[in-house]
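There are 2 protein chains.
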Amino acid sequence: MRTVVLKIKYDGSRYHGWQRQQHHNSVQEQLERALSKAFSQTITVEGSGRTDAGVHAIGQVASFKAQMTLPIEQVKFVVNRLLPTDIYITEAALAEDSFHARYHAVGKTYQYRIYTGRERDPFKALYSYHYPHVKDLEAMRYAANQFIGTHDFRTFMASGSDKEVTVRTLYQLLLDEDHHDQEIILTITGNGFLYNMVRIITGTLLHVGAGKLSKDAITEIILSKERSKAKFTVPACGLYLKDVYYDENTLNAFLGENKMSGHVFVDRI
Amino acid sequence: MRTVVLKIKYDGSRYHGWQRQQHHNSVQEQLERALSKAFSQTITVEGSGRTDAGVHAIGQVASFKAQMTLPIEQVKFVVNRLLPTDIYITEAALAEDSFHARYHAVGKTYQYRIYTGRERDPFKALYSYHYPHVKDLEAMRYAANQFIGTHDFRTFMASGSDKEVTVRTLYQLLLDEDHHDQEIILTITGNGFLYNMVRIITGTLLHVGAGKLSKDAITEIILSKERSKAKFTVPACGLYLKDVYYDENTLNAFLGENKMSGHVFVDRI
Chain A
94 MRTVVLKIKY
104 DGSRYHGWQR
114 QQHHNSVQEQ
124 LERALSKAFS
134 QTITVEGSGR
144 TDAGVHAIGQ
154 VASFKAQMTL
164 PIEQVKFVVN
174 RLLPTDIYIT
184 EAALAEDSFH
194 ARYHAVGKTY
204 QYRIYTGRER
214 DPFKALYSYH
224 YPHVKDLEAM
234 RYAANQFIGT
244 HDFRTFMASG
254 SDKEVTVRTL
264 YQLLLDEDHH
274 DQEIILTITG
284 NGFLYNMVRI
294 ITGTLLHVGA
304 GKLSKDAITE
314 IILSKERSKA
324 KFTVPACGLY
334 LKDVYYDENT
344 LNAFLGENKM
354 SGHVFVDRI
Chain B
94 MRTVVLKIKY
104 DGSRYHGWQR
114 QQHHNSVQEQ
124 LERALSKAFS
134 QTITVEGSGR
144 TDAGVHAIGQ
154 VASFKAQMTL
164 PIEQVKFVVN
174 RLLPTDIYIT
184 EAALAEDSFH
194 ARYHAVGKTY
204 QYRIYTGRER
214 DPFKALYSYH
224 YPHVKDLEAM
234 RYAANQFIGT
244 HDFRTFMASG
254 SDKEVTVRTL
264 YQLLLDEDHH
274 DQEIILTITG
284 NGFLYNMVRI
294 ITGTLLHVGA
304 GKLSKDAITE
314 IILSKERSKA
324 KFTVPACGLY
334 LKDVYYDENT
344 LNAFLGENKM
354 SGHVFVDRI
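Respectively, the protein sequence lines represent chains A and B.
Position one of the first sequence corresponds to residue 94 (my numbering), numbered consecutively onward.
Position one of the second sequence corresponds to residue 94 (my numbering), numbered consecutively onward.
Treat the hints as calculated values from the structure; they're not laboratory data.
Honestly, I wouldn't trust all of these hints.
It does not matter which identical chain is used: a pair holds within one copy or between any two.
What the hints assert, rightly or not - Quick list of in silico lysine to any residue cross-link-like pairs, SDA-like style, CA-CA up to 25 Å:
id : residue 1 : residue 2
1  : K158      : K169
2  : K130      : K305
3  : K169      : R211
4  : K335      : D214
5  : K318      : Y339
6  : K169      : G210
7  : K335      : Y235
8  : K335      : T209
9  : K228      : R213
10 : K158      : L348
11 : K335      : G210
12 : K169      : G285
13 : K256      : L187
14 : K100      : G210
15 : K305      : Y224
16 : K169      : I136
17 : K308      : K322
18 : K305      : A188
19 : K100      : T209
20 : K308      : R126
21 : K335      : H223
22 : K158      : G147
23 : K308      : H272
24 : K228      : A198
25 : K169      : T209
26 : K130      : A251
27 : K305      : F216
28 : K305      : Q112
29 : K335      : H273
Model the full structure from these sequences, guided by the hints.
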């Protein structure tokens, strides 16, 4: 038995999320079906984490164990031909036997795409959130600053979640403008995220951008630990799992790269 | 009763085409449902033509008659709020009572998007056709030239169609490169199109681009009037109905504009 790690890109629009479930189509099920066929054995994959229905991935990571009949160099090519056109393996490599895509992840980057055009665009409906009310991107960047660092993020967790440990560290929160696509792209990197945390942080920052919430309010909202103090949860369709990191060096290299590439790096105040 | 004309943009991915039909979701049905609600009366719309399942529209045109309770200036806003997020009215205007979206169309422009990236992109699967084999775009442009003008296009009609008059005039066939999206965009304007004509012309031109068919072969293929001489029909997902024209002046203005805007205009040889 060998352990294989995959990097996967998918359009989540037509799936009930990553996680396999009865009576619903999932990315995991499609992947397991293609892998089981390619390797002629029943294969179960372990993702770095679930993504909700409608959430997309650019760099989801998953691992599985198999009797390797197929050379690793051919895995990507062979399995991609068996996958639906909205799921694609971008990398496949052998990993150490102890590797586990979920337990060993030390950080993740998500992106959230906000379409700011005045009129609704039917071609963007499933790939971004239409919010034409941002007047002050600089205020959003200032507010974003207050999320950086180690905090109890209980305020920014979907109510009803039962996570006991709600302390997480956010390393970076970028807000870039894509003029070609009329989008604001929020890029957030942390050691882990609570349920709906990225979507609630984004909704709260949009309130700041629209002038409905003071740019100085974030720290207080975090400390309040009351879900009702945070603002709305933006919809799943704008969310993309971008990267998963498996050792501190890779994570630091990523953060360093971005610091130097002209992005606005939000330092801890 | 007043006659209203609409310009409509839609992502066709989740519809069984434009045309209303039992047991299948269609763009026409969604539009009629929203209009009937907005005007509190049963409304039937007449499109400029059908689009197949999975085909998109940037500028479909449709007309309908209604007792106008709602001021025309509010139609766009009110009806858009009642439509699904993947359908959007971009313009609404009053027309003469005799106006008919299908009978009065004097020309149409379609676009076909070809994704040329080496690797499959799951986010483009429903919005373009992945064809990474084009080596010679200039040969495609040269071949495209031979389609321009008035011809019997029987060769480029889906077999099984029963159109009796198969003569059509093509005014323009442009092939542009979109480097940002790694796409070739084919833009074709004519006085009318036979069933699957744009998709068969595109498939045939791609054969030329890939070096599988001589760039000089088109005229002979048109004259042969044998469907088997033309090449493959590219899939519906890459096709967009871009514009519909209702008088010669608008059509000529469109063609004139493009001639001057730095596009490659393919003159009749």
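These are the hints, each one checked on the structure:
1. K158 <-> K169: Within one copy only: 15 Å inside, 55 Å across.
2. K130 <-> K305: neither (53 Å within a copy, 33 Å between copies)
3. K169 <-> R211: between (41 Å within a copy, 14 Å between copies)
4. K335 <-> D214: Both: 24 Å inside a copy, 15 Å across copies.
5. K318 <-> Y339: This pair counts as neither: shortest intra-copy Cα distance 30 Å, inter-copy 61 Å.
6. K169 <-> G210: Answer is between: at 17 Å across copies they meet the 25 Å cutoff, but 38 Å inside does not.
7. K335 <-> Y235: within (23 Å within a copy, 42 Å between copies)
8. K335 <-> T209: both (21 Å within a copy, 23 Å between copies)
9. K228 <-> R213: So K228 and R213 pass the 25 Å test inside one copy only (18 Å; across, 37 Å).
10. K158 <-> L348: Neither: 31 Å inside a copy, 59 Å across copies.
11. K335 <-> G210: both (24 Å within a copy, 20 Å between copies)
12. K169 <-> G285: neither (28 Å within a copy, 44 Å between copies)
13. K256 <-> L187: neither (32 Å within a copy, 57 Å between copies)
14. K100 <-> G210: between (32 Å within a copy, 19 Å between copies)
15. K305 <-> Y224: Within one copy only: 14 Å inside a chain, 47 Å across chains, cut-off 25 Å.
16. K169 <-> I136: within (15 Å within a copy, 51 Å between copies)
17. K308 <-> K322: within (14 Å within a copy, 66 Å between copies)
18. K305 <-> A188: neither (48 Å within a copy, 42 Å between copies)
19. K100 <-> T209: between (30 Å within a copy, 22 Å between copies)
20. K308 <-> R126: Answer is neither: 48 Å inside a copy and 43 Å across each miss the 25 Å cutoff.
21. K335 <-> H223: both (20 Å within a copy, 23 Å between copies)
22. K158 <-> G147: Cα proximity of K158 and G147: none, with 28 Å in one copy and 38 Å across.
23. K308 <-> H272: within (24 Å within a copy, 38 Å between copies)
24. K228 <-> A198: neither (37 Å within a copy, 42 Å between copies)
25. K169 <-> T209: For K169 and T209, the Cα distance is within 25 Å only across copies (19 Å; inside one copy 36 Å).
26. K130 <-> A251: neither (38 Å within a copy, 35 Å between copies)
27. K305 <-> F216: Classified as neither; 28 Å inside a copy, 34 Å across copies.
28. K305 <-> Q112: Neither: 36 Å inside a chain and 44 Å across chains, both beyond 25 Å.
29. K335 <-> H273: For K335 and H273, the Cα distance is within 25 Å both inside one copy (20 Å) and across copies (20 Å).
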